[in-house]
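Colleague: Given next are the chains, with one letter for each unit.
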Amino acid sequence: EAEVAQSPRYKITEKSQAVAFWCDPISGHATLYWYRQILGQGPELLVQFQDESVVDDSQLPKDRFSAERLKGVDSTLKIQPAELGDSAMYLCASSFDQGWAEAFFGQGTRLTVV
Amino acid sequence: KNEVEQSPQNLTAQEGEFITINCSYSVGISALHWLQQHPGGGIVSLFMLSSGKKKHGRLIATINIQEKHSSLHITASHPRDSAVYICAVRNSGNTPLVFGKGTRLSVIA
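For the record, the sequence lines run as chains D and C. Residue 111 in our numbering sits at position 111 of the first sequence; the count goes up by one each step and never skips. All you need for our numbering is the position in the second sequence, starting with 1, plus 1000.
Note that these hints are calculated values from the structure, not bench results. Worth double-checking, as some hints may not be accurate.
[To be verified] Computed list of lysine-lysine pairs in DSS-like fashion (alpha-carbon distance at most 27 angstroms, straight line):
1. C:Lys1055 / C:Lys1101
2. C:Lys1068 / C:Lys1055
3. C:Lys1101 / D:Lys62
4. C:Lys1054 / C:Lys1068
5. C:Lys1053 / C:Lys1068
6. C:Lys1001 / D:Lys62
7. D:Lys15 / D:Lys78
8. D:Lys62 / D:Lys11
9. D:Lys78 / C:Lys1101
10. C:Lys1101 / C:Lys1054
11. D:Lys11 / C:Lys1054
12. C:Lys1068 / C:Lys1001
Looking at chain D on its own, in the form it has when it is part of the complex (with noise of 0.2 angstroms):
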């Protein structure tokens, strides 16, 4: 069965470090989106791509973090300089368009910042 694909897992970073999260969304998706949850709380939109183009990065913190889906296939969200606040889970999502259709996510990566 098709499944949305991240890595890492788990990452571990010490502050002011630079990091990097990967997504690989169902084929044939469009839409992808990435999000943050910080335990206990629901996921946050942080940027939503329709192909290879940012649709919705309005809550993204973009002094450091930056998302690229360059061929409008896989992702990439990087953190530079990460701060301590940034420890959180990282949940990649992809649908066939952004109406309708059913979201899909990844296991999401845990990233936490010493």
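Fit chain C to the known structure of chain D by using the hints.
Modeller: Here is chain C on its own, set in the frame of chain D:
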């Protein structure tokens, strides 16, 4: 922005009990999702609703559009149902999902 509230925040049940988790939202929506998140973090979509009721195995989801309320029911609960259940809504076709904080369910044998 839609405000999504779930109740209860935490729920402990004995195996076999009937469980209800509630979700209310503040603004009219185009779709509501119920999601399940296990301790490892991965999220699985259980239901997507725009009206009425859906059933899958021991899970039942209902939505009342007029009251802006949805419920997720689990019949004959089992320890493997232990997870965080998250309600998420979409205001209109192209807007991103807005998530509730989740309900942490523990089912004890």
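Colleague: All the hints need checking, so say for each whether the structure fits it.
Modeller: Status of each hint after checking the structure:
A distance of roughly 23 angstroms separates the Cα atoms of Lys1055 of chain C and Lys1101 of chain C; the hinted pair therefore holds under the 27 angstroms criterion. Between the alpha carbons of Lys1068 of chain C and Lys1055 of chain C the distance comes to roughly 20 angstroms, so the proposed pair stays at or under 27 angstroms and holds. Restraint check: the Cα-Cα separation between Lys1101 of chain C and Lys62 of chain D comes to about 25 angstroms, which is no more than 27 angstroms; the hinted pair holds. Taking the CA atoms of Lys1054 of chain C and Lys1068 of chain C, the gap is near 17 angstroms; set against the 27 angstroms cutoff, the hint holds.
A threshold of 27 angstroms between alpha carbons decides the hint, and for Lys1053 of chain C with Lys1068 of chain C the separation of about 14 angstroms falls inside it, so the pair holds. Distance hint between Lys1001 of chain C and Lys62 of chain D is fulfilled; the C-alpha atoms sit about 21 angstroms from each other, no more than 27 angstroms. For the given pair, Lys15 of chain D sits about 14 angstroms from Lys78 of chain D by alpha-carbon distance, which is consistent with the 27 angstroms threshold. Straight-line distance between C-alpha atoms of Lys62 of chain D and Lys11 of chain D comes to about 21 angstroms, which keeps the hinted pair within the 27 angstroms bound.
Annotation: proposed proximity of Lys78 of chain D to Lys1101 of chain C holds, straight-line Cα distance about 25 angstroms (limit 27 angstroms). Pair hint Lys1101 of chain C plus Lys1054 of chain C holds up; C-alpha atoms about 22 angstroms apart against a cutoff of 27 angstroms. This hinted pair does not check out: Lys11 of chain D and Lys1054 of chain C have alpha carbons roughly 38 angstroms apart, beyond 27 angstroms. Under the criterion of a C-alpha separation no larger than 27 angstroms, the hint pairing Lys1068 of chain C with Lys1001 of chain C is consistent with the structure, at around 14 angstroms.
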